[in-house]
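Chemist: Work out the full structure, taking the sequences as your base and the hints as a guide.
2 protein chains.
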Amino acid sequence: MRPQIVLFGDSITAQSFRSGGWGADLADTYSRKADIVNRGFGGYNTRWALFLLHHLFPLGSATPPIATTIFFGANDAALSGRTSERQHVPVDEYKENLRRMVQHLKECSPTMLIVLITPPPINEEGRKEYARSLYGDMAMELPERTNETAGIYAEKCVELARELDLPSVNLWSKMQETEGWQEKFLSDGLHLTKEGSAVVYQEVVRVFSESCLSASKMPYDFPHHSKIDPANPGKAFQQQCMAE
Amino acid sequence: MRPQIVLFGDSITAQSFRSGGWGADLADTYSRKADIVNRGFGGYNTRWALFLLHHLFPLGSATPPIATTIFFGANDAALSGRTSERQHVPVDEYKENLRRMVQHLKECSPTMLIVLITPPPINEEGRKEYARSLYGDMAMELPERTNETAGIYAEKCVELARELDLPSVNLWSKMQETEGWQEKFLSDGLHLTKEGSAVVYQEVVRVFSESCLSASKMPYDFPHHSKIDPANPGKAFQQQCMAE
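Chains as they are written, first to last, in full-length UniProt numbering: chain A, 1 to 244; chain B, 1 to 244.
One thing to keep in mind: the hints can contain errors.
For identical chains, the list gives no copy identity; a pair is met inside one copy or between any two copies.
[To be verified] Straight-line alpha carbon distances no greater than 25 Å define the calculated BS3-like cross-link-like pairs of lysine-lysine that follow: (1) K184 to K194; (2) K235 to K217; (3) K235 to K95; (4) K128 to K174; (5) K184 to K128; (6) K95 to K156; (7) K174 to K156; (8) K95 to K106.
Everything labelled a hint here was simulated from the structure, so no lab data went into it.
Modeler: Laid out in structure tokens, this is it:
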């Protein structure tokens, strides 16, 4: 049957099937080639996500995913002592939690393509505006996330990918290459606009393609309709089954 | 694990994860509640789709889908003697093929919610323009699909749903209730614009909700992040597992 590609992450993954989202775009690109499975959990940090590992990726599965993106850090990087501190995870623990995720996935399937994605940059002004829209004058003056801290988490994520020889997407760096990234790519200083989602999509497709997971090179799961002989439709299906 | 909702159909289903597509919108609506699985096969008619049934919906599966939409007819209704005649299936056979699909799905799971969707209406002018854009002066003057014929197939689909006491979406009728449906809902006289896709989304969500499959009433697959105690995160996961 059709192989699975799992998107494992926080709200930025959970929301990836919204209109113009990177998950939906991947699903369209891999149409009839692979199923894109959304395993995004809004608000989760890596510490909490570890509780999900064995449920989402059971050991001994006969059909483990062929690829998984691991996309956490935006919540881990919430600052201590600020409004989102309950989500905070120290950066060294963040890295070790990612390592445990990778180890588990490798145990599920040594051939699984694992791609680490760093948290996006933070537009602190955007976060403050968002806080004011929620809490008005009660909003804290100090942002609950800073771009500098997100960058430290991004660096740890990329460092781990290098250590484990895994492909990675440094979204924090990549987005900041574009003038006006603050508003162009981020809707509330943290979550993605359609343009921001397009960056994730392009980067993931690039990494997948470089790792021999290009949709254009993958076979259709059943005959293309143009290969079916209307006078003898069964033939195309028999051939496909024999080839498998 | 998370239940599955399968979208089984032709290109209008296959393309449903394009930006603003009804499949992606369903996936977003059922995020963390159910997986929306795209089983759309561009160009397929019901006769060819029957070859897929046992592959896509194996008997004896421990986890059959909780719901399936069956959305064929646009290709079956292609006219004999015109450019798309290879896809043509006589209307009575179309109805019997749909019946066989339903019977098979019921055999897979007697509790599966099965929703029949009729083909959309046809904008014959749009089809002609599309043919001219492909073949120029070589394009046949006569359209390969007509709205009247699509309506006959739609009626057979709804008739079968009534016979089998299944919910259905009469997309052919529904779309024509709106002034300017020809351009508003159809991009090339047959496939859906974003607005057309929104009609399918709304109708499917309505039918699902009327059949006790409302996303808002379905449980999250794991604790909502607000229910996790940062001092003792394991507790929320234990409780969730015990509740299942």
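Chemist: Now tell me, hint by hint, if it's right for this structure.
Modeler: Okay, the hints, checked on the actual structure:
no.	hint	in the structure
1	K184 to K194	both (9 Å within a copy, 23 Å between copies)
2	K235 to K217	within (24 Å within a copy, 45 Å between copies)
3	K235 to K95	between (52 Å within a copy, 23 Å between copies)
4	K128 to K174	within (23 Å within a copy, 45 Å between copies)
5	K184 to K128	within (17 Å within a copy, 40 Å between copies)
6	K95 to K156	within (6 Å within a copy, 59 Å between copies)
7	K174 to K156	within (16 Å within a copy, 54 Å between copies)
8	K95 to K106	within (17 Å within a copy, 48 Å between copies)
In the structure shown, no violation is registered for any of the earlier numbered hints.
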